[in-house]
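These are the residues of each chain, in order.
Number of protein chains: 2
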Amino acid sequence: MSTEINLSDTELRQIDAYWRACNYLAAGMIYLRDNPLLREPLKPEHIKRRLLGHWGSSPGLSFAYVHLNRLINKYDQSVLFIAGPGHGAPGVLAPVYLEGTYSEIYPNKGEDEEGMRQFFKEFSFPGGIGSHCTPETPGSIHEGGELGYSISHAFGAAYDNPDLLVAAVVGDGEAETAALATSWHSNKFLNPARDGAVLPILHLNGYKINNPTLLSRISHQELEDLFKGYGWTPYFVEGDDPLTMHRKMAETLETCLLEIRKIQQAARAGSEVVRPRWPMIVLRSPKGWTGPKFVDNRKVEGFWRAHQVPMAEVREKPAHLAQLDEWLRSYRPEELFDANGSLIPELKALAPKGPRRMSATPHANGGVLRRALRMPDFRDYAAALPGPGKSVAENTRPLGLFLRDIMAENMRNFRVFGPDENSSNKLDAIYGASKKTWLADYLPEDADGGELATDGRVMEMLSEHTLEGWLEGYLLTGRHGFFSTYEAFVHVIDSMFNQHAKWLAMMKAVSWRAPVSSLNLLITSTVWRQDHNGFTHQDPGFLDVVVNKSPEITRIYLPPDVNCLLSVANHCLQSTNYINVIVCDKQKHLQYLDMDAAIKHCTKGIGIWEWASNDNGSEPDAVLASAGDIPTKEALAAVVLLREHFPDLKIRFVNVVDLYKLTPAAEHPHGLSDKDFDSLFTVDKPVIFNFHGYPWLIHRLTYRRTNHKNLHVRGYKEKGSINTPLELAIQNEIDRFSLAIDVIDRIPALRVAGAHVKEKLRDRQIECRNYAYENGVDLPEADNWLWP
Amino acid sequence: MSTEINLSDTELRQIDAYWRACNYLAAGMIYLRDNPLLREPLKPEHIKRRLLGHWGSSPGLSFAYVHLNRLINKYDQSVLFIAGPGHGAPGVLAPVYLEGTYSEIYPNKGEDEEGMRQFFKEFSFPGGIGSHCTPETPGSIHEGGELGYSISHAFGAAYDNPDLLVAAVVGDGEAETAALATSWHSNKFLNPARDGAVLPILHLNGYKINNPTLLSRISHQELEDLFKGYGWTPYFVEGDDPLTMHRKMAETLETCLLEIRKIQQAARAGSEVVRPRWPMIVLRSPKGWTGPKFVDNRKVEGFWRAHQVPMAEVREKPAHLAQLDEWLRSYRPEELFDANGSLIPELKALAPKGPRRMSATPHANGGVLRRALRMPDFRDYAAALPGPGKSVAENTRPLGLFLRDIMAENMRNFRVFGPDENSSNKLDAIYGASKKTWLADYLPEDADGGELATDGRVMEMLSEHTLEGWLEGYLLTGRHGFFSTYEAFVHVIDSMFNQHAKWLAMMKAVSWRAPVSSLNLLITSTVWRQDHNGFTHQDPGFLDVVVNKSPEITRIYLPPDVNCLLSVANHCLQSTNYINVIVCDKQKHLQYLDMDAAIKHCTKGIGIWEWASNDNGSEPDAVLASAGDIPTKEALAAVVLLREHFPDLKIRFVNVVDLYKLTPAAEHPHGLSDKDFDSLFTVDKPVIFNFHGYPWLIHRLTYRRTNHKNLHVRGYKEKGSINTPLELAIQNEIDRFSLAIDVIDRIPALRVAGAHVKEKLRDRQIECRNYAYENGVDLPEADNWLWP
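So the sequences go chain by chain: A and B.
The first sequence maps to residues 1 to 788 in the UniProt record's numbering.
The second sequence maps to residues 1 to 788 in the UniProt record's numbering.
Keep in mind the hints are simulated off the structure, nothing from the lab.
One or more hints might be untrue.
Pairs involving identical chains hold if they fit within one copy or between any two copies, as the list cannot separate such chains.
What the hints assert, rightly or not - Cut-off 25 Å, straight-line C-alpha distance, at most; resulting in silico cross-link-like pairs (DSS-like, lysine-lysine): (1) LYS709 to LYS675; (2) LYS588 to LYS600; (3) LYS299 to LYS435; (4) LYS717 to LYS508; (5) LYS719 to LYS508; (6) LYS121 to LYS719; (7) LYS709 to LYS685; (8) LYS317 to LYS588.
This structure is a prediction, so every number in the text was calculated from the model and none was measured.
Bound conformation, chain A alone:
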């Protein structure tokens, strides 16, 4: 470590005073509803009736924050702060308040005694703010309510932000989570010439709720080996004496920043970019540092008992009240705040100014930095069709070309993400504009189709968690992205989806936050073409998770063909504040709509396909509806079977692209009015709905509709193994034969005439299945089926 870096005694004293102010505020938030400056002795009525909040990691978070402030001032460095530890908000809100941002945004929490009283009272209080770094927290892009995403969020923020340093405090509880454990490898995906830097500060606080943490209970050697093995250079700041720790932290942070700048300068000087060993800090400090050492004779500071509220029953127990009074006064608030209740000018001067304040950096309110994507015309990628249902194509290939050209026009604020699957998912055209980011080692054979580059913009790692985290961080700092993944394994990030949806829902309600780009998720390699991968790869249930989240945030599209996919993707890529889920398989599928028809269909989101219907505007005998590629093909084939046998039967064919069209208008902004719904699905005719996912989802969306009693949904019913596509469809009864039989069964007039037809259909179904069992492939005429 450099020995030239030295904290002057004045700086030391000031930094410690500023940190004391933070700790005072953090404790005050947890306990006080009145008497915020202890102008009078503490009384029970000053104490909140419900004591909520987490003291444990707060002092450590503030410690990192105030030292980063020093660095920002000294080097005019742009820094984004990420607080990984759960419930760490007091340790972040305190410095945020002290540097004035909080009062600027929330004027009722001014920098005076009354403002402080409000600030304390509203913490973890109904109608107030949470104990995580929620969207209401200025400077936050990372709530930390669920653990494990701090490092991947930090990297996402750093990409394409060459001047930014993202300081990510990682909780040692959080560090045990799966998502966090693999995200340390993100350093193989960051280019020092083009991207900013991430400085992880692993906070070895020592304890979780009731347990020690793993990383605090292995040897120093193992800890050092671990992070070296992950590719970092760890620096250790360990101890409990505040003044010694201030010196160490100041020196270490500065050493790290200088090292980072050296790495960046070398990379940016034009020499070959190689993966550096970035510095990181291990900060080992007592849990609940500076808080009560013992309460009722039991160890608190430096132990798990300091995790939440370190002393309970303060209103009830005079001894606790006295101890709280003593503890709070140990920070000497009278030295820190003036008569007005404002931080004294000497300390106020320590905070960075304006947008250099971490709480005011525009990167944490990414919408203000967001520039709309430059978009090529998606119509240029259209598939030319000989007619509806008369040709096949891989649905995702043209999207790959479209994404390639979007990439080429947006080489600083757009990235494409996928877990080793962009080629597998037929999006590999993207590499024509930019290759895969790769800063690990290269071998000669990589030149032969490896598509790797240190300056690539396609992000591939076999961790859905890390990809999702990177993408979230990238979007929340004002950029754009597109994520494609296997349908069955998108469940791996169910919980991250939930948390991002919650963040967006809250964010929309925060007036000062500008809209960010939507998270666009292409779910491909879908259930109906996982016939060869088997049962483990068959799960279309992510949509059931999605529909539980706020209708203000979630959008679901099932484009049936190339042109619909292009139209939907074009829309999604330009939208903000949504999570757009697009379900579309990568294999060869029938093509239905030319581009004009596709645009019209996708804009409506749902509609009658007249070319496949023969009700000619009159009331049909039955409605066949579909959502999804294979279900649409099978439903159309059923129409043909029915026409063959019952040419007078009037069938209406409805296709759904925008799934929320099915929902009542009152429940989702896309929902059809009952009148429009009824005009499509009739009020009393049988409707057979062939759905991509689990069939119950359609019932869940439509149970209030007039004709729901006549709605019969087919979908994946958890039946599958190694199959052919048609045979998998047959097992789950979404195949043409089952559907045609379904229609016959629902039309009273066909009950007699239909019996013979049903028998023929069942025979044919069995023939198809037997052919698959014998040959391992579908009958050519089933596999190559076209609309006649």
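Using the hints, position chain B against chain A.
Just chain B now, with coordinates in the frame of chain A:
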């Protein structure tokens, strides 16, 4: 490394021949449907029409397998094999077939030419077997369809199996996943005196589908540091020359086993148990090892092109056919198999015998080893009640006592799992029987309530993934377990749940597999008491994931109080082959049923609470139904409000414990008949259903019921922040006032008389909310509400 270990030339030649036989079979499975022994030159008609399967990791898997065989024979060691790499089945099925187990179980796949033909044909073929180590695979407890769980499954299998060595081959693609990355830390939770050992073999195959793997592209030093940092001693076996590699692998495996035995002997000699540095192996070998080096002049062996089928269009391209013929013959099948098509006796002798064969170990068919739990009488833990709804208790505390005593009676085959939350979830009584397993470092303060012990049986790590993986491994090897976790964060393991449910569903269809203990999952710290933790902690949507899985496997219970929870848990802990999901909050809640009533209620799963109803067996005016603790309390309070204002109104109160009772009988074995359903819910009266989760789930289960049109469900609607319990209920309209208004609105006779009452109810609702906003707590009378 010990130099005394030496492979004789004969052994070397034999092992290589056995491995060649494996590789021949693996390639044969992918390509051949006929001519399995190449008795005639390959012709297009011998080739499968659809080429499926993954060659890439197969040779490496077989390599590990045959060397483990040698170890088993030499040391009479019991070994369970876990194949982590996805789609690795050919490399496992091959040795499984060669050692005869496959033919014993599936007589049509005999050890002769016709058997081999069938064995080849049925691989990855409709009606055949999958390309993962599915439940049909003898010796497998780990399918590997979804990646990331090999190490945690391996540890689960090793716990309490002191004589077992679990050899877990970890794919280097898999090693990038989040779940795998943190599971290396499992070594801090394994006791060498009591548990078996896990020997990870990290297979640095070099590539995923289209990309290099991270761990194969960092320096040797980083790789070594990483695993040392994780607490292992890595041994490296690297190269591509088979004979050299055989020598290295044999020596290294033997070194590792001797080291493991030394560790175990020391620990079992009675000295203090400390965490050893267990050995592990890094096996670096070319992807698609021994396969075609180039195809069409592009590199295949040792590159990602070897991942799946290394040569396509074999039927179509004569050059490919010739190359395949040459490749297959390179294994010299004529030297390996006799005229009959059986492995020659010299090689056959290399396989272990009987249950020592890894494919025949009873540990992989855990049901055969399973012993029923010794159970104390759950009635002994009953809460005594002054009457229904007249007292409160923490629902999970008595369960903790029950679990403690189960633990005490089953100290070798029962474990309790939870992510740092058994205390938080009020199950800490468990530590009275056994503490938390902890083999990381200790500090003096741990003595003060740390509850840590090297021989603890309570498994706590802040990784839901690792816990779930351990538990699955533990159950599949014939033991019992109980997992409790926070409701919102159980979504972290959605995908693991899905995969385990799929495993169980398939397993039930495999005749030779014996039933294993159910996976019991207590979901606690639920949405309605996450008022103080805020929006991120509020998510009851796991149930929506659960209901998509097979009705043969899934069970959902929402016991409303202590005695119901005890009764449900008692049932679940003795069941097999299910995933039992129990939703019950840890906080203080009203108590409703004495033990006799609870048993009766839980056995029925759904029922009328007569003490809360006043329809006296006649047709009610309305039905109020509930599922879940807080929703039940609020629904009961609504009953009281309604009675106060409309004493003549006949209200029936129905409570649901077993959620699947709502489903039609045809769709779930627990489903009520329509007749029984109608007799509870009437055919035409308004039903207000107050539900624990997202309200749509109830519609999804009941949409076919007669009275569905009159069913109005209230539940969590994704509205929440920092609230009080009542205020959170009000936001989502599951509170007493909203429910009472709901009933009034549905009863025509009350429309006029009810207007005034509704106004009063709304006023009271506002008062309650304002009180919460002002005081941060609920009104005492709301908080302490009892049934009158």
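Evaluation of the provided hints:
1. LYS709 to LYS675: both (17 Å within a copy, 19 Å between copies)
2. LYS588 to LYS600: Within. Shortest intra-copy distance 23 Å satisfies the 25 Å Cα cut-off; inter-copy 56 Å does not.
3. LYS299 to LYS435: between (55 Å within a copy, 20 Å between copies)
4. LYS717 to LYS508: between (37 Å within a copy, 17 Å between copies)
5. LYS719 to LYS508: Between copies only: 14 Å across, 40 Å inside.
6. LYS121 to LYS719: between (55 Å within a copy, 22 Å between copies)
7. LYS709 to LYS685: Classified as both: same-chain Cα gap 10 Å, cross-chain 18 Å, threshold 25 Å.
8. LYS317 to LYS588: between (72 Å within a copy, 22 Å between copies)
No hint from the list above goes unmet by this structure.
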